[in-house]
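Those protein sequences? They're chains S and G, same order as listed.
Going by my numbering, the first sequence opens with residue 16, and the numbers climb by one from there.
Going by my numbering, the second sequence opens with residue 3, and the numbers climb by one from there.
Don't read these hints as lab results, they were simulated from the structure.
One or more hints might be untrue.
As the list claims (entries may be wrong) - Simulated crosslink set (DSS-like; lysine-lysine; CA at most 27 Å straight-line):
#1 S:K294 <-> S:K75
#2 S:K294 <-> S:K236
#3 S:K241 <-> G:K159
#4 S:K267 <-> S:K236
#5 S:K75 <-> S:K338
#6 G:K165 <-> S:K158
#7 S:K158 <-> G:K72
#8 S:K267 <-> S:K250
#9 S:K241 <-> S:K294
#10 S:K284 <-> S:K264
#11 G:K165 <-> G:K91
#12 S:K294 <-> S:K250
#13 G:K72 <-> S:K250
#14 G:K91 <-> G:K72
#15 S:K241 <-> S:K180
#16 G:K72 <-> S:K180
#17 S:K158 <-> S:K121
#18 S:K121 <-> G:K165
#19 G:K165 <-> S:K250
#20 S:K250 <-> S:K158
#21 S:K186 <-> G:K165
#22 S:K293 <-> S:K75
#23 G:K159 <-> G:K72
#24 G:K84 <-> G:K72
To be verified - A short list of chain G residues far from chain S (calculated; beta carbon distances all over 12 Å):
#25 D62
#26 I83
#27 S106
#28 I160
#29 P166
We treat Cβ as the ideally placed atom computed from N, Cα and C, and that holds for glycine.
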Amino acid sequence: MIARQLDENPAGIHLPLDPLPGHSSRGRLERVLRRGEFAVTTELNPPDSADPEDVYNRAKIFDGWVDAINAVDASGANCHMSSVGICALLTRMGYAPIMQIACRDKNRIAIQGDVLGGAAMGVANMLCLTGDGVQAGDQPGAKPVFDLDSMSLLETCRIMRDNGKFLSGRKLTTPPQIFLGAAVNPFAPPFDFRPIHLGKKIAAGAQFVQTQYCFDVPMFKTFMQKARDLGHTEKVFILCGVGPLASAKTAKWIRNNVPGIHIPDAIVKRLEGAQDQKKEGKQLCIDIINEVKEIPGISGVHVMAYRQEEYVAEIVDESGVLKGRQPWKREIRRDDQMVADRLGHILHDEITETQVDMVKTAH
Amino acid sequence: MSEPQPAVTQATLVKKAAPKSDYKPADVSPQRRVQRSFAVRLWSIRHSRLLEWFYSRFADMFLLLHPLWKGIGYGRVEAPIKFVEKRVKGFMFDCRMCGQCVLSSTGMSCPMNCPKQLRNGPCGGVRANGNCEVEPDMPCVWVKAWEGSQNMVHGDKILDVQKPVDQSLRETSAWLRVTAQAAAAREAAQAPKTGASA
């Protein structure tokens, strides 16, 4: 008998899980969240390469620490490997990717095609985003598409899943089984509209949301209070976005150059006062996680450690949010290991056998 | 009270990066080049309640004129009405003639002026001073929409989830479309009644 992990298809790690009642997808993330466990998601820094190993190596460092990995769709309007491509690679290896879809680069025809394609590859989670403006990226001369917005994209995906139809009304033979996500930013004006805006996203189809980087916990608490009062936390799983800051200099740069990320002065001061700023940035992230995990209505954290991905495991471990639970980990199964032990040498041996030799050795 | 704003736009960077030619476009983004001032747009948002009242009277009047439009033919009346609509709404709201006006649901702030053309609320990139991420010196259309909707009687229409823009309706008259649809709805409501009495 081969020992199996929770949330794994016995017939193969790359296959979708058995459907469960009340679940709209056949993925791992939805199961974890609906079981009421504290979920951890992270972001994969997309490679600027055509080598699949680059994706696998970058995913490997999260093994056993996260429940799902965001495959970003040209974040910051910079060119990288596409989210569909990353998802295709990750699903083959049994990972649970969250396919990000940004409205910046694709119109409704391309997006609906990608939703079907992604779902067919086994992508169970999709995150609907507006996307950064092209001016933010490495190709400011590109044509911004923005045919849909995050809300109408959510609705489009929901219609495809629940009604089995394209936006045009044309029928799908097999609707995609997906868990729909959205992004919220409680740290940008208009602040009093943000919780209501979350309600609109829920109405449009959001089942989980990931927030922008949270560095201002009191501000986030106010947002959550209002979201609870409006009853949103009953209808949606909220994952708070957190991440380590590399230094006070980075923090200041982000504050001045990345719109939508709010970093209070106290945070910058704390980093400036530290001996080892990188270590302090990590500790700060852990402190914020420990604070936000106590807020009622928070279902998990989304750890974004851009170019510091190796710290994700440490942050998750030291904050203790998993409470001893180990998320799915890619392991070589025992039968595969047996085959590898007995026949692995074939790959390395430099022997060329002729058929005549083979017959002789067989006798 | 306004803080010093970062005046470096993407166009500035592009200009700096390409100093080889004598000709340099104006130091702003394409959108800003056609749009020099936001004064009238902001006035309209401040007076959203008045405009909401006016708009509903105006829509009633247009509906009353439905027999006239129908007599002349909606197709024939389209061009002159569009001419007027484009200029009036262009002056008042910086209208982009998407042909499916949602001003009454967005606090009289035209969402098509958003560089991302968002029709369902702000993106996450709104600057701390309430300005746009893409156009650093333009007040965010959706921050203004929220302010405008707070003043309106039916301001909670901002909560409706808007459908994606139908691009095939661009450069057509929203006034006439709304009127024709309202007239059709009215006729549909009356038709079963007359059918029952006959």
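Straight-line alpha-carbon gap K165 (chain G) to K91 (chain G), limit 27 Å: holds (22 Å)
With 12 Å as the threshold, tell me whether P166 (chain G) passes as away from chain S on beta-carbon distances. Its Cβ does come within 12 Å of chain S, the nearest being 4 Å, so this is violated.
Could you grab the alpha-carbon distance between K294 (chain S) and K236 (chain S) and see if it respects the 27 Å cut-off? holds (26 Å)
Measure nothing beyond the straight line between the CA atoms of K241 (chain S) and K294 (chain S); if it is 27 Å or shorter, mark the hint as holding. violated (34 Å)
Would the hint linking K186 (chain S) and K165 (chain G) be met if the CA-CA limit is 27 Å? holds (19 Å)
Check the hint pairing K250 (chain S) with K158 (chain S) against an upper bound of 27 Å on the C-alpha distance. violated (36 Å)
Checking one constraint from the list: CA of K158 (chain S) to CA of K72 (chain G), max 27 Å. Satisfied? violated (41 Å)
Given the hinted pair K72 (chain G) and K180 (chain S), is their alpha-carbon gap at most 27 Å? With Cα atoms ~36 Å apart, K72 (chain G) and K180 (chain S) exceed 27 Å; violated.
Mind checking the alpha carbons of K284 (chain S) and K264 (chain S) for me, to see if they're no more than 27 Å apart? holds (11 Å)
Do the alpha carbons of K241 (chain S) and K180 (chain S) lie within 27 Å of each other, as the hint requires? violated (35 Å)
Check the hint pairing K72 (chain G) with K250 (chain S) against an upper bound of 27 Å on the C-alpha distance. Not satisfied, since the Cα-Cα distance of roughly 48 Å exceeds 27 Å.
What's the verdict on K241 (chain S) and K159 (chain G), does the C-alpha distance respect the 27 Å limit or exceed it? The hint holds at about 20 Å.
Comparing the model with each numbered hint stated earlier shows that hints 7, 8, 9, 12, 13, 15, 16, 20, 23, 28, 29 do not hold.
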